[in-house]
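Peer 1: These are the residues of each chain, in order.
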Amino acid sequence: MKLEIINLHISIDEKEIVKGVNLTINQGEAHVIMGPNGSGKTTLAKAIMGHPQLKITGGDILVDGKSIKEMKANERAKLGIFLQFQNPIEVEGLGLLSFLNTARGAITEKPLQYKEFINEIKSASKDLAMKEELIGRSLNHGFSGGEKKKAEILQMRVLNPKIAILDEPDSGLDIDAVRIVAANIDKLQKEKEMGMLVITHYSRILEYLNPKFIHIMKEGKIVREGGRELISEIEKSGYSDA
Amino acid sequence: MSRYAELPDETNELYKKYHMETSIPSAEEMERNEKTAASASDVQSLVASIEQRTGLKFDIVLSRSFAKSMSENVQIKKTESIPGILSDKIYKSSDNRLAAFINANARDAIVAEIKPGSHEKFNMIFINDSDISFECLFKLGEGARLEAFQVFASIGKGSTCASLQEFSIAKGAHMGLTLFGDMGTESTLVSLSKGILEENGTMNANFIYNGSKLTKSINFFDTRGTGSKISVSEAIYGTGEQRFDINTHLLNSKERSSTKLETGAILDDRSHCLLKGYAKIEKYAKGAFSNISQRGILLSEASHIDALPDMSIDYSDQVSATHSAATSPIDKEALFYLMSRGLSDSSSRKMFVSSFILKYLGSIKDPAVKEIVSSAIISRTEGNPPGEMRNITLKDIWFSSEEGRNEKMVS
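Top line first, the protein sequences correspond to chains E and X. Using our numbering, you'd call the opening residue of the first sequence number 1 and step up by one each time. Using our numbering, you'd call the opening residue of the second sequence number 1001 and step up by one each time.
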């Protein structure tokens, strides 16, 4: 699967946030977008997923050469796109397990048998060092910030996307949790040959991942692109010189 | 002035303003409805059909044309043989026309007496087969426990049904009540309940209003004994032109008494709901706790909720009293989140609605009852009318155990 962002312009309430972004992610590639607060990273991520409140005023989003601009979020999910939310929504009363099983059924159209499904969830939660009682709770309800991020990665593993966009998977995590989450992301990306776009402010998580493509986003545009060397440069000089 | 006459229905100008008239049929309409009332066999066949679909067995069936009790603790008596039920001021003072309706249409009454220390569970069904009034009197002895599930169903679209219930909870006794209003779209449900809790008596009451053109509910619970506790959950789902006037009064009368009211309403189309929650902490109720929480979700621009959380605190020594109300449209960010996981717009809405309602079914202990009620509401979100309970296969039910684990029920 190939995801292409072509000269994308996005507005919210007539204000342009993303101002002509170009980006290509092939299956199996790991990309990183870094940039200061308010540069449009999350808007870009949500637009790729099909957020209905975001207006695409120019450019296109292609999957394997076909525009997905008019597709709803669920149709994009079925194509194999996954968005890990920066601030996952809490839905009290909706069991995480039943939600995930329904979501998996909707995407793969092959719901797992109960035992098989539970075993997969238990295995994923163990790998992520999640408390087992969390999987019996409502979706993200009462989860700490770190638990929510882990639950997002658990969802990603169960839904098995072809391209995943991870919006700050490291924010709100302690040092150990960053290492655990990063290890799980890295393993999934390699095993499943997932295309991946990681949005982050910090380089710590990138020590555990192995992205080949680094993009710096400022004021709605990608201003620099390169390899891992860009990370250390940003660490030293910050974004002001980027 | 009696204690009931002091309730806000009588004195509060807002309550007088926010009030839905009970559409009680005229004498001519009642006579006409009686002529077209369903037969006993129609009632029995409806009950059998619901039993088959849900897997439940009803211990008590009450309708105009047919009544039975399979429990030795429950007697069905002629209403006029139980003086006191109908004469209570809470019922008569609220609406004279309603009192006239009740007097004209009362036939059978249920008297359930649970012996001290014993544990019982009843499934009850009330069938609105023409204009009818039901009365129920529950007396729980010391330390007794009762779980009662009550379904209000109708044959066809239904007519008017009035239910008057009184719960007397003795020292240390506990009652769990789930009242499920699932009558047809042309029916009116008037539900009046009164609970008196003695020392350390507890009650969890769940009221789910799903059906009927008009639902008018007046509930009054008095924690008359030290350390007694009442917890009320109300779940409302309205579509079309449905109207709900839900009025619940809680009274903290004694030390360390606890009262709690949680109401959740989801409305679509042009439906309208009045949520009136009133709690009063009386003098010398030291250490009392009271909480009222009202939450509404509007699925359409024309749907409407008026929430009136209200408290009167006559005593402030070590008392905790809080109330809140919030109404909002459906959370678009939550819908986007669910859709990003592959669920369609309609599936996401259904999931959101059912999860919202489920929060208010949380204190129903019996997972089968919880599933029956939640399935009926989910069926409504799929566009089906009320009163069409879906087939339930208990072995397919997933539920959260008390330990917080998700488990599957094995039939």
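By construction, these hints were calculated from the structure, which means they are not laboratory data. Only a predicted model underlies this, so the values are computations on that prediction, with no experimental measurement involved. We treat Cβ as the ideally placed atom computed from N, Cα and C, and that holds for glycine. Hints should not be assumed to be uniformly reliable.
[What the hints assert, rightly or not] Cross-link-like lysine to any residue pairs, in silico, SDA-like; alpha carbons within 20 Å at most:
hint	chain 1	residue 1	chain 2	residue 2
1	E	Lys-218	E	Glu-16
2	E	Lys-72	X	Ser-1320
3	E	Lys-55	X	Lys-1350
4	X	Lys-1332	E	Lys-218
5	E	Lys-72	X	Met-1020
6	X	Lys-1332	E	Ser-138
[Stated by the list, open to error] Here are some chain E residues the structure puts well away from chain X; computed CB gaps all over 12 Å:
hint	residue
7	Lys-15
8	Asn-22
9	Gly-59
10	Phe-85
11	Glu-92
12	Asp-186
13	Tyr-208
14	Lys-212
15	Ser-237
[Said to hold, decoys possible] Not the full set, but computed from the structure, chain E residues with beta-carbon under 10 Å of chain X:
hint	residue
16	Lys-46
17	Ser-171
18	Gly-172
Peer 1: Work down the list of hints and note, for each, if the structure agrees.
Peer 2: Consistency of the hints with the structure:
At most 20 Å may separate the alpha-carbon atoms for a hinted pair to count; Lys-218 of chain E and Glu-16 of chain E meet this at roughly 13 Å. Taking the CA atoms of Lys-72 of chain E and Ser-1320 of chain X, the gap is near 47 Å; set against the 20 Å cutoff, the hint is violated. For the suggested pair Lys-55 of chain E and Lys-1350 of chain X, the alpha carbons sit about 26 Å apart, so the restraint of at most 20 Å is broken. Taking the CA atoms of Lys-1332 of chain X and Lys-218 of chain E, the gap is about 28 Å. The hint is violated against a cut of 20 Å.
Between Lys-72 of chain E and Met-1020 of chain X the CA atoms are separated by roughly 42 Å; this puts the pair beyond 20 Å, and the hint is violated. Taking the CA atoms of Lys-1332 of chain X and Ser-138 of chain E, the gap is about 19 Å. The hint holds against a cut of 20 Å. Non-interface status of Lys-15 of chain E relative to chain X is upheld: no Cβ of that chain comes within 12 Å, the nearest being about 19 Å off. No Cβ of chain X comes within 12 Å of the Cβ of Asn-22 of chain E; the nearest lies about 23 Å off, and the non-interface call holds.
Interface exclusion of Gly-59 of chain E from chain X stands, the closest Cβ pair being 21 Å apart, more than 12 Å. For Phe-85 of chain E, the shortest C-beta to C-beta distance to chain X comes to about 6 Å, within the 12 Å cut-off, and the non-interface label is violated. Distance to chain X contradicts Glu-92 of chain E as a non-interface residue, since its nearest Cβ pair spans about 5 Å, not more than 12 Å. No beta-carbon of chain X comes within 12 Å of the beta-carbon of Asp-186 of chain E; the shortest separation is about 23 Å.
Non-interface call for Tyr-208 of chain E relative to chain X: holds, since the shortest CB-CB distance, roughly 25 Å, exceeds 12 Å. Distance to chain X confirms Lys-212 of chain E as a non-interface residue, since its nearest Cβ pair spans about 26 Å, more than 12 Å. Taking the minimum C-beta to C-beta distance to chain X, about 35 Å, the non-interface status of Ser-237 of chain E holds against the 12 Å cut. Contact between Lys-46 of chain E and chain X, as hinted, is supported at the beta carbon level, the nearest pair being about 8 Å apart and thus within 10 Å.
Because the beta carbon of Ser-171 of chain E sits about 17 Å from the nearest beta carbon in chain X, more than 10 Å, this interface hint is broken. Violation of the interface hint for Gly-172 of chain E is found here, the shortest Cβ-Cβ separation to chain X being roughly 17 Å, above the 10 Å cut-off.
Checked against the numbered hints above, the structure violates hints 2, 3, 4, 5, 10, 11, 17, 18; every other hint is satisfied.
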